[in-house]
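Asker: Each chain is listed here by its residues.
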Amino acid sequence: MEQILANGVYLGSQYAMIALGLTLIFALMNVLNFAHGQMYVIGGFVTYTFYGQWGVPFVLALVMSCVTLAILGALIERYLFAPVIKGSAREESTMLLAAGIAFFLDAVILLVFGEKQRGVPKIIDGVFNYDFKLIMPYDRILICFLAILSIVAFIGLMQYTKTGRALRALAQDRTAAQLMGVNVDRYSMIGFALGAMLAGLVGGLLVTITGVNLGMGGPTSIKAFMMVMIGGAGVISGAIWGGIILGFMEAIGLALLYQYGDITYLLIFVSLMIFLAIRPQGLMGKPWG
Amino acid sequence: MKRRSLMKSALTAVAFTSLMASTALAENTVLKIGFVGVTSGPAASWGISNQRSMEARAAWINETGGYKIGDVTYDIEIVSFDDQKDPKRAIAGMEKMAQEGIHYVVGPNVDDGAAAVRPVAESNGIMYFPYAFPKSLYEAPASNAVLGMVANYQSGPAIYKYLMAEKGVKTVAFVAANESDPLSQRTGGIEAATALGMEVVSDNVTYQVDTTDFTPVLTPVMRAQPDLLVLSGVSPANAPQLIRSARELGFQGVISTETAQDAGVLAEGAGDLANGFISVGGASTPELSSPMMVEFVERYTKMFGEYNDESNTKVYALEYILETLKADPSAITDVDAFKTTMDTFEAPNPYMNGDAKLRYVGMSSFGQRRQVSVPLVVNVYQNGAFETLFVAEVD
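Sequence lines, in order, name chains A and B.
What the first sequence shows, in this note's numbering, is residues 1 to 289, in sequence order.
What the second sequence shows, in this note's numbering, is residues 290 to 684, in sequence order.
Any given hint could turn out to be false.
[Claimed, not checked] If you want the footprint, here are the derived chain B segments under chain A, 3+ residues with CB under 8 Å: (1) 333-347; (2) 354-366; (3) 395-402; (4) 502-515; (5) 594-601.
[As the list claims (entries may be wrong)] Cut-off 20 Å, straight-line C-alpha distance, at most; resulting in silico cross-link-like pairs (EDC-like, lysine to aspartate or glutamate): (6) A:Lys133 - B:Glu488; (7) A:Lys122 - B:Glu488; (8) B:Lys459 - B:Glu488; (9) A:Lys133 - B:Asp502.
Just so you know, the hints here were simulated from the structure itself, not pulled from any lab data.
Model, not experiment: these values are computed from the prediction.
Backbone N, C-alpha and C define an ideal beta-carbon position, used for all residues, glycine too.
All chains should be modelled from the sequences, with the hints used to inform the complete structure.
Answerer: Structure, rendered in structure tokens:
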């Protein structure tokens, strides 16, 4: 039981971080960013390059991942999404654009970083072992702690800073925010950059545990969408709860159902379908959007 | 006036150069060889190592004047198609090869793709070299597929037998991704281990192919405390993470797989925790590699920036196709002639030291020669590189 709880907290915290950026972008711009997983992968590769290849301290490499993705996110918003949103009233235009960006980033990743799985040296050696009832490598504990810290910092930013208030206003009602003097274009770009930065941050954190490869982007996006759907699209606290719930479901399923084969995700998908049929807006979303 | 003359001279020079270039290109007839496999997504490494091996070898052949088959010298052109590990895309890829008049195709990389393209290949006179293990592809009445590597049901028993004798291994646990290839390899592995008298202590733990953290997956397996942990059909992307998680969970036994791996990937992903990991390779270790293999690795690295150890096995398919066509030039357009030649074909193996031969095998496993004779080299990973554990041959 201790192991299941520990695995659940660990998986939940990393999943919540992945979902946060996606739901932030959706909340601000009503854009389903299918390229979120690819941004996560780029974040991992940037940390891999700086920390794993060039020997730069891990924290600095992590900062480079954040900066790179923030710049990439800002450029994508300014030169791709913003013009499309202004020029087209159809929501599928941004969806197609996001899918196109995902394919494009996949191709760029292949060209720049190659097809191989990449990994970096462990940031801390050793394993916490409590009488074989609870086994957790120290680096996972540290990453879990850093993920929770990042989530708290993000919530703090959204709650207590001028930028956060502007972003929340934008998410609640774009027109009203504009009438109150919020520079919508500027904060949309900042919000998208922040969402992309979160993807870069979690990619950089997790490359120390999971490594990174070209093919991780698509599945990561799918998992992130699942968490957002569970929690409620566009709701920050919903994404956190979605991540935690998915993490615990996975940990419990893998621990208790392994003798029946790989049915954990089958059950998760079935549960998700039933849940969405009963509550389509998700756990914390509003029925009106 | 002076400027006009200069422009005329420049245009004439450009036209002349273009003409010379096209004449040079047109010197040799082009022989197209196809590749249909996965070059995107989580398993991209499998197909890309195939494609790049073929492209590196083709560039080498073309650079050195082409490949002589009968009286004609050919430049080799590789036509590639990414099937995205999707059987429907694999069919589309094979249809594209048929439309281009290609009779020899390397791939697909996985079981369901290889099974899906069979009707297209057979109806269009295409010989194809899959990296997939279902016996039905290679047993009569099927005759167009040639297994491009050593199958797990051939390498597995050899590895288990070695470990039983040398390491005293008695119990084994299997872990596989929830996909057709790894699951069928797990089934084959369980059968082989049971037949050899090993006790299978865990055989039902699987994982999603996109799993990135294997600690929760492996926790129940570790409770069974096996002597040997077999990672059935594990992809190079997942192997380091599985090894790392198993070791961090306190596993002290042997870890092995029957798929080819890359030493660099293991070093980065698992470091010293991967020491002792057993996998299957081609002419991969320094003591086995011939000067031609060394040059191939150099050219591949120069062309793509980094070598992939999986190519130690993947280098062979194109060589087999070309050497067999050389043995019977009529096979260039007649795959029946190719099939007939396969029964008696033999040529020196240019990638291995010693007197190793290229020849078609598979009589024991398939009842007909529908497998390339790739050396069954069992490697052990040690401090960043593979060392040869033992070498065997497949009949």
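Asker: The structure should be examined with respect to each hint, and the outcome stated for every one.
Answerer: Structure-based check of all given hints:
1. Given as covered by chain A, the segment 333-347 of chain B passes the check, having 4 residues with a CB less than 8 Å from a CB of that chain where 3 are the minimum.
2. Using a Cβ-Cβ cut-off of 8 Å, 0 residues of the segment 354-366 of chain B lie near chain A, which falls short of the minimum of three, so the contact claim is violated.
3. Under the rule that three or more residues need a Cβ within less than 8 Å of chain A, the assignment of the segment 395-402 of chain B is violated, with 0 such residues.
4. With a threshold of 8 Å between beta carbons, the proposed coverage of the segment 502-515 of chain B by chain A holds, since 6 of its residues qualify and at least three are required.
5. Evaluation of the coverage hint for the segment 594-601 of chain B: fulfilled, as 3 residues show C-beta separations to chain A shorter than 8 Å, against a requirement of three.
6. At most 20 Å may separate the alpha-carbon atoms for a hinted pair to count; Lys133 (chain A) and Glu488 (chain B) exceed this at roughly 25 Å.
7. For the suggested pair Lys122 (chain A) and Glu488 (chain B), the alpha carbons sit about 35 Å apart, so the restraint of at most 20 Å is broken.
8. Between Lys459 (chain B) and Glu488 (chain B), the direct Cα distance comes to roughly 6 Å. Compliance with the 20 Å bound is thereby established for this hinted pair.
9. Taken as a hint, the Lys133 (chain A) and Asp502 (chain B) pair is honoured in the structure, with Cα atoms around 19 Å apart against an allowance of 20 Å.
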